[in-house]
Amino acid sequence: MVFTGAVALTLAAAWAAQHALQAAHYGGPAGSRLAAVWTITFALLMLQTVMYHLERTRRLTPRIKRQLDALHVAILMPTYNEDPGYLRLGLQSFIDQSRRPDSVHVVDDGSTNTDYAEVRAWWHVAAATAGIATSWQRVPNAGKRHAQAHGVRKSSDADIYVTVDSDSCLAPNAIEQALVPFARPRVQSVAGIVISTNHRANLLARITDLWFLTGQLVDRSALSAMGSVLVNSGPLAAYRADVVRDNLDSYLNETFMGRPVMFSDDSLLTLYALLRGQTVQQPSAVVFTAMPEKTGHLLRMYLRWMRGSTIRSIWRMRYLPLNRWAYWAHLLRWFQVALSTTVLVWLLVVEPAAYGNYPPASFLVVPFLIGWAQGLRYLGIIRSDERLRSRILTWLLMPLAVVWAWTVLRFMRWYGVATCAKTGWGTRQNGAEVSLGGGSGGGADAEAPLAKLLDPLSETTIEMRIPRRTTA
5 MVFTGAVALT LAAAWAAQHA LQAAHYGGPA GSRLAAVWTI TFALLMLQTV
55 MYHLERTRRL TPRIKRQLDA LHVAILMPTY NEDPGYLRLG LQSFIDQSRR
105 PDSVHVVDDG STNTDYAEVR AWWHVAAATA GIATSWQRVP NAGKRHAQAH
155 GVRKSSDADI YVTVDSDSCL APNAIEQALV PFARPRVQSV AGIVISTNHR
205 ANLLARITDL WFLTGQLVDR SALSAMGSVL VNSGPLAAYR ADVVRDNLDS
255 YLNETFMGRP VMFSDDSLLT LYALLRGQTV QQPSAVVFTA MPEKTGHLLR
305 MYLRWMRGST IRSIWRMRYL PLNRWAYWAH LLRWFQVALS TTVLVWLLVV
355 EPAAYGNYPP ASFLVVPFLI GWAQGLRYLG IIRSDERLRS RILTWLLMPL
405 AVVWAWTVLR FMRWYGVATC AKTGWGTRQN GAEVSLGGGS GGGADAEAPL
455 AKLLDPLSET TIEMRIPRRT TA
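In terms of this note's numbering, the sequence shown opens at residue 5 and continues consecutively.
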């Protein structure tokens, strides 16, 4: 049903695009050029649509399970000024896994607002009871990469490293599902699907969840079908251990224009994996994470992503071989960004100012139709803590997400390109910006409503607290 709806709305978008061009009355050479541009854009859209429908979730068979159970899986969890409630929620989710990790390594990267004493004491007892080997280190602040490296050194016998953020809460079978693609020897890394924990906190959180989740199920799914995911998810990604260990020195000492790079760690690890083989996404490996609830927080995070994306693009251009789809996919992405920005400015600014040609109102419908068509993938994620009508309401907000992306986020993208030499982290310097309810150790649980989240594949549930308030 979702696939049929996507096809129908995509065809409707094509009709609307043709109607918009005919109604514009540009004429002459300019009209021909615009028609060519729109044809290219539509061809790229259809190519992406076909590719993301080719993505398939690899299934866990008894033979694959026996093979994967023999692997030592180590979780690396760096934390810095994290809300204790979110930290404990994430640690609890490790214990609740259908395939528990063999070891968990928490590294407090010199947090300034808490020492996590209560959470640490609880975790050591809980991990021992669950049979999970663990370490908890507090080290001088040196950044996320160095914190991860401390965990790597504590687990030199690991076969798979699972990287998570300190506000990550794994679905009950997330680790089990993230391991499945490793049954293929060529697969070097696996990206999970990131879902917002606090998606109903406010309008910004809803739009952010809609836009980011749709992006994973459209753009990244298309790349995954070719074994060429460019950026794994920070809240949940898995790597063959040699990918991390063999590149650890390069990972810790990356510089750009003579400055150490403090961000874009996930994309660099993904690049290392790409140079060795395939990088894929496993749609059934789900993680919940805290999305920004304030505009300033979101823009700082997005700006950091765009600066990192610019630096990483230079490395991909330099190191990825020309015979890999990932190289051309990376170039195609930047071509699409440049083309859409140029066309948007030309139609909305240059044509009206220089030639007196104004695009018809129907032209504005096209991006929304495309957005709604792709957003149907968002409705394919079933959450037992949310009614279908609430998810449809979020889906209907796609025009706001499109406008937000075409204006504010587009400006932030190009600003990030222009300022990519600023390689500092830029967030959480004064503490966590999203809280599960305040307090330490998990005592805040009583302040947050309980929700049961259903995994539609395994029919298992995880109980978790949904955050309702933020801190400065």
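Don't read these hints as lab results, they were simulated from the structure.
Hints may be right or wrong, so weigh each one.
[As the list claims (entries may be wrong)] Now the in silico label distances, taken between C-beta atoms and shown as ranges:
1) N327 with S160: 42 to 52 Å
2) N257 with V353: 39 to 49 Å
3) P264 with N206: 31 to 41 Å
4) I318 with Y359: 56 to 66 Å
5) L256 with Q71: 41 to 51 Å
6) A47 with G135: 51 to 61 Å
Idealized CB from N, CA, C, for every residue including glycine.
Evaluation of the provided hints:
Distance hint check: the CB atoms of N327 and S160 are about 34 Å apart, inconsistent with the given range 42 to 52 Å. Distance hint check: the CB atoms of N257 and V353 are about 44 Å apart, consistent with the given range 39 to 49 Å. One distance hint, 31 to 41 Å for the beta-carbon pair P264 and N206, holds here, with the actual separation near 35 Å. For the pair I318 and Y359, the beta carbons lie near 37 Å from each other, so the given range of 56 to 66 Å is not met.
Between L256 and Q71 the CB atoms are about 32 Å apart, so this pair departs from the stated range of 41 to 51 Å. Taking 51 to 61 Å as the suggested C-beta distance range, the pair A47 and G135 conforms, at roughly 54 Å.
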